[in-house]
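Listed here are the chains, written in short residue letters.
Number of protein chains: 2
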Amino acid sequence: MSDVVHIGMLGCGTVGQGVVRILQETAGTIERATGHRLEITKVLVRDLQADRPGVDPALLTADPEEILGDDSIDILIEVMGGVDPTHEWLVRALGHGTSVVTANKQLLARHGPELLAAAEEGGAELRFEASVCAAIPVIKVLRESLLAAEIESVTGIVNGTTNYILSEMRRTGMSYADALTQAQEIGYAEADPTDDVGGADAAAKMAILASIAFHTRVLIDDVPYSGIDDLMSDDVDIAHELGFVMKLLGVARLVDGAVSVRVHPALVPGNHPLAAVAGADNAVLLESSMVRQIMLSGPGAGGTETASAVVSDALSILGSRPGSFLAGALVDAGRPIAPEGSLESAFYLRLEVADQPGVLARVSSVLGDSGVSILTVLQRGEGEGARLVMILHRSPEAQVREATRRLAAMPEVRAEPVVITVVGSGEASS
Amino acid sequence: MSDVVHIGMLGCGTVGQGVVRILQETAGTIERATGHRLEITKVLVRDLQADRPGVDPALLTADPEEILGDDSIDILIEVMGGVDPTHEWLVRALGHGTSVVTANKQLLARHGPELLAAAEEGGAELRFEASVCAAIPVIKVLRESLLAAEIESVTGIVNGTTNYILSEMRRTGMSYADALTQAQEIGYAEADPTDDVGGADAAAKMAILASIAFHTRVLIDDVPYSGIDDLMSDDVDIAHELGFVMKLLGVARLVDGAVSVRVHPALVPGNHPLAAVAGADNAVLLESSMVRQIMLSGPGAGGTETASAVVSDALSILGSRPGSFLAGALVDAGRPIAPEGSLESAFYLRLEVADQPGVLARVSSVLGDSGVSILTVLQRGEGEGARLVMILHRSPEAQVREATRRLAAMPEVRAEPVVITVVGSGEASS
Numbered sequence: 009m010s011d012v013v014h015i016g017m018l019g020c021g022t023v024g025q026g027v028v029r030i031l032q033e034t035a036g037t038i039e040r041a042t043g044h045r046l047e048i049t050k051v052l053v054r055d056l057q058a059d060r061p062g063v064d065p066a067l068l069t070a071d072p073e074e075i076l077g078d079d080s081i082d083i084l085i086e087v088m089g090g091v092d093p094t095h096e097w098l099v100r101a102l103g104h105g106t107s108v109v110t111a112n113k114q115l116l117a118r119h120g121p122e123l124l125a126a127a128e129e130g131g132a133e134l135r136f137e138a139s140v141c142a143a144i145p146v147i148k149v150l151r152e153s154l155l156a157a158e159i160e161s162v163t164g165i166v167n168g169t170t171n172y173i174l175s176e177m178r179r180t181g182m183s184y185a186d187a188l189t190q191a192q193e194i195g196y197a198e199a200d201p202t203d204d205v206g207g208a209d210a211a212a213k214m215a216i217l218a219s220i221a222f223h224t225r226v227l228i229d230d231v232p233y234s235g236i237d238d239l240m241s242d243d244v245d246i247a248h249e250l251g252f253v254m255k256l257l258g259v260a261r262l263v264d265g266a267v268s269v270r271v272h273p274a275l276v277p278g279n280h281p282l283a284a285v286a287g288a289d290n291a292v293l294l295e296s297s298m299v300r301q302i303m304l305s306g307p308g309a310g311g312t313e314t315a316s317a318v319v320s321d322a323l324s325i326l327g328s329r330p331g332s333f334l335a336g337a338l339v340d341a342g343r344p345i346a347p348e349g350s351l352e353s354a355f356y357l358r359l360e361v362a363d364q365p366g367v368l369a370r371v372s373s374v375l376g377d378s379g380v381s382i383l384t385v386l387q388r389g390e391g392e393g394a395r396l397v398m399i400l401h402r403s404p405e406a407q408v409r410e411a412t413r414r415l416a417a418m419p420e421v422r423a424e425p426v427v428i429t430v431v432g433s434g435e436a437s438s
Numbered sequence: 009m010s011d012v013v014h015i016g017m018l019g020c021g022t023v024g025q026g027v028v029r030i031l032q033e034t035a036g037t038i039e040r041a042t043g044h045r046l047e048i049t050k051v052l053v054r055d056l057q058a059d060r061p062g063v064d065p066a067l068l069t070a071d072p073e074e075i076l077g078d079d080s081i082d083i084l085i086e087v088m089g090g091v092d093p094t095h096e097w098l099v100r101a102l103g104h105g106t107s108v109v110t111a112n113k114q115l116l117a118r119h120g121p122e123l124l125a126a127a128e129e130g131g132a133e134l135r136f137e138a139s140v141c142a143a144i145p146v147i148k149v150l151r152e153s154l155l156a157a158e159i160e161s162v163t164g165i166v167n168g169t170t171n172y173i174l175s176e177m178r179r180t181g182m183s184y185a186d187a188l189t190q191a192q193e194i195g196y197a198e199a200d201p202t203d204d205v206g207g208a209d210a211a212a213k214m215a216i217l218a219s220i221a222f223h224t225r226v227l228i229d230d231v232p233y234s235g236i237d238d239l240m241s242d243d244v245d246i247a248h249e250l251g252f253v254m255k256l257l258g259v260a261r262l263v264d265g266a267v268s269v270r271v272h273p274a275l276v277p278g279n280h281p282l283a284a285v286a287g288a289d290n291a292v293l294l295e296s297s298m299v300r301q302i303m304l305s306g307p308g309a310g311g312t313e314t315a316s317a318v319v320s321d322a323l324s325i326l327g328s329r330p331g332s333f334l335a336g337a338l339v340d341a342g343r344p345i346a347p348e349g350s351l352e353s354a355f356y357l358r359l360e361v362a363d364q365p366g367v368l369a370r371v372s373s374v375l376g377d378s379g380v381s382i383l384t385v386l387q388r389g390e391g392e393g394a395r396l397v398m399i400l401h402r403s404p405e406a407q408v409r410e411a412t413r414r415l416a417a418m419p420e421v422r423a424e425p426v427v428i429t430v431v432g433s434g435e436a437s438s
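Residue numbers (our numbering), protein chains in the order written: chain A, 9 to 438; chain B, 9 to 438.
A short list of chain B residues far from chain A (calculated; beta carbon distances all over 12 Å):
{"no.": "1", "residue": "T69"}
{"no.": "2", "residue": "G89"}
{"no.": "3", "residue": "T94"}
{"no.": "4", "residue": "P121"}
{"no.": "5", "residue": "Y233"}
{"no.": "6", "residue": "L250"}
{"no.": "7", "residue": "A266"}
{"no.": "8", "residue": "E410"}
Some residues of chain A that are not near chain B, with every Cβ distance over 10 Å (derived):
{"no.": "9", "residue": "E74"}
{"no.": "10", "residue": "D78"}
{"no.": "11", "residue": "S350"}
{"no.": "12", "residue": "P365"}
Simulated coverage check for chain A against chain B, where a stretch passes if three residues somewhere in it have a Cβ under 8 Å from a Cβ of chain B:
{"no.": "13", "segment": "146-158"}
{"no.": "14", "segment": "310-321"}
No lab work stands behind these hints, which were simulated from the structure alone.
Don't be surprised by glycine CBs; every beta carbon is placed ideally from N, CA and C.
All chains, please: the whole structure from these sequences, using the hints.
Here it is as structure tokens:
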């Protein structure tokens, strides 16, 4: 690459403007460290007239051909979002040998393996640190530092909105609805929060992380997910009493050589490294017998943070030996996706029950018949509010789900049982 | 680099044998991902007869010339330790264009900038992830992901022995001496623990981290340090009562454009990210306005972990574009080293005092005269055990040291005052 590196940009919203600003402010540092000047030559935008402080209007174009057809562009930065036509455009650029940096999690969770293959064929680099956890360099660490560390599991708090809501429910005792409203007021949650609170956002990120950690094609459709939208603050409080903290976790792991990736609410023990991750922060715990547990944590969102990750990726491309690491190899280990229900775990079970003698005995007997044993029981409330809360010993998930169906059918059980995975507590989990 | 990459090794102790084992076990993964086979061609050892399970005796040599004079070696892995003759040997290899991976913290903390200059002149790479925090990829993250993030501070628990001792003192109430003995029994502390408990080990690591974070020549002699060997378990307990956790911290930061690096015991607020780092774990908190706070944590020692970092570094060399990032530029920003005492901070102050009326008033007045104000006071014990414990508002360190000298001269103060830095608590610190 020559001394001047030509950058094309697709999109110039908050993140794009951040990239422009960081490249200006750190030009001296970058040139001193790398010997290169990064020069933005063209920026694709939809509306040429919109206000973009600090961005030279002469760089703007509304015609994608001016960027996609320009052979002098060395690195294409994609911060426009969306799956179409972005997908097609990036495949075309990579195919021509133009390296690409993208922050587009939805695109990668759907077409990542295909984009990596296009990069390899075109002799280009594809980098996407900013697509997961903003400036926390999880992807670089997995892809480079831990390439040969035989990662066994990736457990992450990868959605800041839900971590904020759960932290506030615990800290103040407020309801899920109130915590969500508060998150919306301070800009931590969108007006339509479905993707965050329902788990879809975390599922896309976990698909990307699992792909890189296990060198396997994992797409968002391979990731079953559930969110926090039906959690009660009672569950958060009872969990705390039992020594646990409630988190929305992404859990990716190898199970008998297959890759299992899930997103769900989970209880983590109070002394677990992920328990201390508060507010809107993100954290990812990487485990292997070679390196034991390495955790990366920090803010998982933010325009400047995301832009910083985009700039890092551009610098990583400058520093990479062309073709030395095969992009396609990132996901070609050919591991299968594990079937649902194949996991073992400990579980938290909450049952609304009739306030009458003998209920606990009958519930215990149903669980026992299903081969599920009880570690801890709490009896709470009375009358209409009577409930049983249990921590169940580590058992196959399918077995616990079957036991729960039988409990739900009991006349003494007054509402759908709540079942929440418990992770990382010695005997009680993997 | 050709398909077969020739590796020479200096040293074959625990870490060296780990490198051999990891290269064997992960050869398939590495070849699939990088297209390269890493082949160890020669290993320098002192004693050819020692037991080294898994290492082919035909590779061993006791003659350094067989490695240093061998032009076919692409990457030299140094895991023999020591400053001399290692220093001279690595300068020679780098000068010939042979890239070097080293785990040698003492060497880097003394001669790092010179080795980086030698690498740049020779057109070689120098990597040293394993020299700090084993497999936690702090150096790669600082050097690559955060190259242009304008890091403002690096705060680390970079010595596992002392973190273990402090965690146990707090958890069990045992004395420093007992916690040290326990650490020695389970292999977390050496028979001669001076380097760990006195802070020198942490100082060497902080010199290396500060160099890379601030692109400046920082050597171990630039790092004032104190250790935990004269801490009382009382201080650990009182700190806890006041909502703090005692840690041995390395603190590197920019102060008016100069680089300040220190190692000392410190109190961190209970909700600070470093407070939750327990046992023998290490953690490093990286702060900048661009990325806010990013923390990396995990085991900071261990033969396999260290060997894993060495292998990562070799892979990073394979993936790097030769000469694209200028090794010397890592430390050539030319920032000065800040003078001692120039920092502002909040402080913990413990005074053994005479048990008589009016002492608190006289102590307060001495502090007030020195311009130091008090945030919190605890009075503890009586008679011979009477003491005052205070948290002092953020003040220049020199001012607090001066006030402490005046307090020490008071007849009512019965022993040398104990002063401990308080970090990261909102108003009370930076």
